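Visitor: Single-letter residue listing:
Protein chains: 2
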Amino acid sequence: MTPDELDALFKALADPTRRRIVDRLAERPDQSLFELCAGAVAKGQPVMSRQAVSQHLEVLEKAGLVQVTRAGRTKLHRLELWPLRAAQKAWLGRLL
Amino acid sequence: MTPDELDALFKALADPTRRRIVDRLAERPDQSLFELCAGAVAKGQPVMSRQAVSQHLEVLEKAGLVQVTRAGRTKLHRLELWPLRAAQKAWLGRLL
DNA sequence: TTGACATGCAAGCAATTGCTTGCCTATAAA
DNA sequence: TTTATAGGCAAGCAATTGCTTGCATGTCAA
Chain P
1 MTPDELDALF KALADPTRRR IVDRLAERPD QSLFELCAGA VAKGQPVMSR QAVSQHLEVL
61 EKAGLVQVTR AGRTKLHRLE LWPLRAAQKA WLGRLL
Chain E
1 MTPDELDALF KALADPTRRR IVDRLAERPD QSLFELCAGA VAKGQPVMSR QAVSQHLEVL
61 EKAGLVQVTR AGRTKLHRLE LWPLRAAQKA WLGRLL
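Taken in sequence, the protein lines are chains P and E.
Mapping to the working numbering: the first sequence position 49 is 49, numbers consecutive.
Mapping to the working numbering: the second sequence position 91 is 91, numbers consecutive.
If you're looking for bench data, these hints aren't it; they were derived computationally from the structure.
Remember, predicted model here, so these are calculated numbers, not experimental data.
Just to be clear, a hint being listed does not mean it is correct.
Heads up, the list lumps identical chains together, so a pair's fine if it works in one copy or across two of them.
[Claimed, not checked] Keeping only pairs whose Cα atoms sit at most 27 Å apart, straight-line, the calculated DSS-like set for lysine-lysine is:
hint, residue 1, residue 2
1, K89, K62
2, K11, K89
3, K62, K11
4, K75, K62
5, K89, K75
Produce the entire structure from the sequences given, and follow the hints as far as they go.
Guide: Structure, rendered in structure tokens:
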């Protein structure tokens, strides 16, 4: 686990909207962008645009937390837990 | 562990300079600002100013990861591990 | 007291973040 | 083919980040 990978991982987790997306993907995998839009709200905002959610997903993808598969015109997202396990083994475990 | 506390924690860890400070405080506690300055380098920069390190320490303090005690004119920092354990119990543990 | 040391405070500034809006493309259904 | 659906691309913009520099404050030593 390189420092850059740790950066991307912790940065991805440092946002409540993104953690909520992770939670929802943990409950049910293979959700589309539209499904994830429903219920994604930033603090203070009434709703959140599709593009905003898409950008959050991009951050999660770069961290390796979300894997994407294409099915026709829809983009399905599923959670990937190995970055968390890797970070725990490579960094957190040494401290705790 | 509130969402805001998780935000502050993950944000604090999402920087290699701050993780390095954490590592160094794990090796030896109660280091002053000046001690932590020596060896703290940002990527691309030759050295890092005292104020920059001080601001990084502020972020770590807000996350609860660093506790400060005063000894005369020096400010001693020591690592606090409970935020990591709390995050693991409140959030990471549910996923892993 | 005088001077050196450890730190705080605050303004400034380039770069990044986090969102928005508008338009474009590709797939599926009618 | 038309029409609606799922998503992509990119410009724009206010707010935040991550540093810097300059000056002020408090503490110890001589």
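Visitor: Each hint needs a verdict: does it hold in this structure or not?
Guide: Hints, one by one, checked against the model:
| no. | hint | verdict |
| --- | --- | --- |
| 1 | K89 with K62 | both (20 Å within a copy, 25 Å between copies) |
| 2 | K11 with K89 | both (18 Å within a copy, 19 Å between copies) |
| 3 | K62 with K11 | both (10 Å within a copy, 16 Å between copies) |
| 4 | K75 with K62 | within (16 Å within a copy, 38 Å between copies) |
| 5 | K89 with K75 | neither (31 Å within a copy, 32 Å between copies) |
Violated hint: 5 only; the structure is consistent with all others.
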